[in-house]
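What the sequence shown shows, in my numbering, is residues 973 to 1147, in sequence order.
Rather than coming from a laboratory, the hints here were simulated on the basis of the structure. Only a predicted model underlies this, so the values are computations on that prediction, with no experimental measurement involved. Backbone N, C-alpha and C fix where the C-beta goes; we use that ideal spot for every residue, glycine too. Do not take every clue at face value.
[To be verified] Pairwise CB distance ranges, derived in the manner of DEER restraints:
#1 ILE1092 x LEU1023: 33 to 43 Å
#2 PRO1049 x ARG1086: 22 to 32 Å
#3 VAL1051 x ARG1084: 47 to 57 Å
#4 GLY1121 x PHE1080: 41 to 51 Å
#5 VAL1051 x ASP1110: 41 to 51 Å
#6 ARG1059 x TYR1101: 17 to 27 Å
#7 HIS1103 x ASP1048: 36 to 46 Å
[To be verified] Calculated pairs, EDC-like style, for lysine to aspartate or glutamate (alpha carbon to alpha carbon, straight line, at most 20 Å):
#8 LYS1119 x GLU1074
#9 LYS1119 x ASP1048
#10 LYS1119 x GLU1140
#11 LYS1119 x ASP1076
#12 LYS1119 x ASP1065
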Amino acid sequence: MSVVAISPRQHPSGRTSRSRLVRRRANPTLTITVDLAAAAASPRLNRLLELLGELAASGEGRLSRDDADHPPIAADPSVIRILTGPRSVQQGDRVVPLTRIEYDLLLFMAERPRRVFTRIQLLNQVWGYDHAVARTVDVHVRRLRAKLGVDTPLLTTVHGVGYRLADEARVSVER
């Protein structure tokens, strides 16, 4: 189970950034994710689920009875969410299993949009050394693209130079 608290925030200039999808919230929100398929529910987990249900039913929660009757709309699969706390990546409703280097590479590129990095720069910044074969970066970029799907624009190859985050990439970094 993971708990994420999201407080309301404003973008400094009042505009949305192209590198991050910014949602404005009127009230603070608490998101609780419970993996029910992992194992049998413990008595404590059952009690937590009962309390959450009571909170939603009492009207204090943000769920209405109508929301509880309808299944949630699937998240947009073209949006990639990088969650820095649990070090995970979500694509729509799916959690994308990434290796440590793949995650670090994606986060590094997402935090620096519209900048082109050479393979040596990426080895130095992401791997922490630059004495490896530069084609190592190519392998990890290829694996990252395969895991996120060929239809998802993510990293663009700048021929003769290196890589950069694609302009049309919809990536959100959530701290």
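Status of each hint after checking the structure:
no. : hint                          : verdict
1   : ILE1092 x LEU1023: 33 to 43 Å : 53 Å, violated
2   : PRO1049 x ARG1086: 22 to 32 Å : 24 Å, holds
3   : VAL1051 x ARG1084: 47 to 57 Å : 19 Å, violated
4   : GLY1121 x PHE1080: 41 to 51 Å : 20 Å, violated
5   : VAL1051 x ASP1110: 41 to 51 Å : 26 Å, violated
6   : ARG1059 x TYR1101: 17 to 27 Å : 21 Å, holds
7   : HIS1103 x ASP1048: 36 to 46 Å : 41 Å, holds
8   : LYS1119 x GLU1074             : 10 Å, holds
9   : LYS1119 x ASP1048             : 16 Å, holds
10  : LYS1119 x GLU1140             : 18 Å, holds
11  : LYS1119 x ASP1076             : 15 Å, holds
12  : LYS1119 x ASP1065             : 14 Å, holds
Hint check: violations occur at hints 1, 3, 4 and 5; the rest are consistent with the structure.
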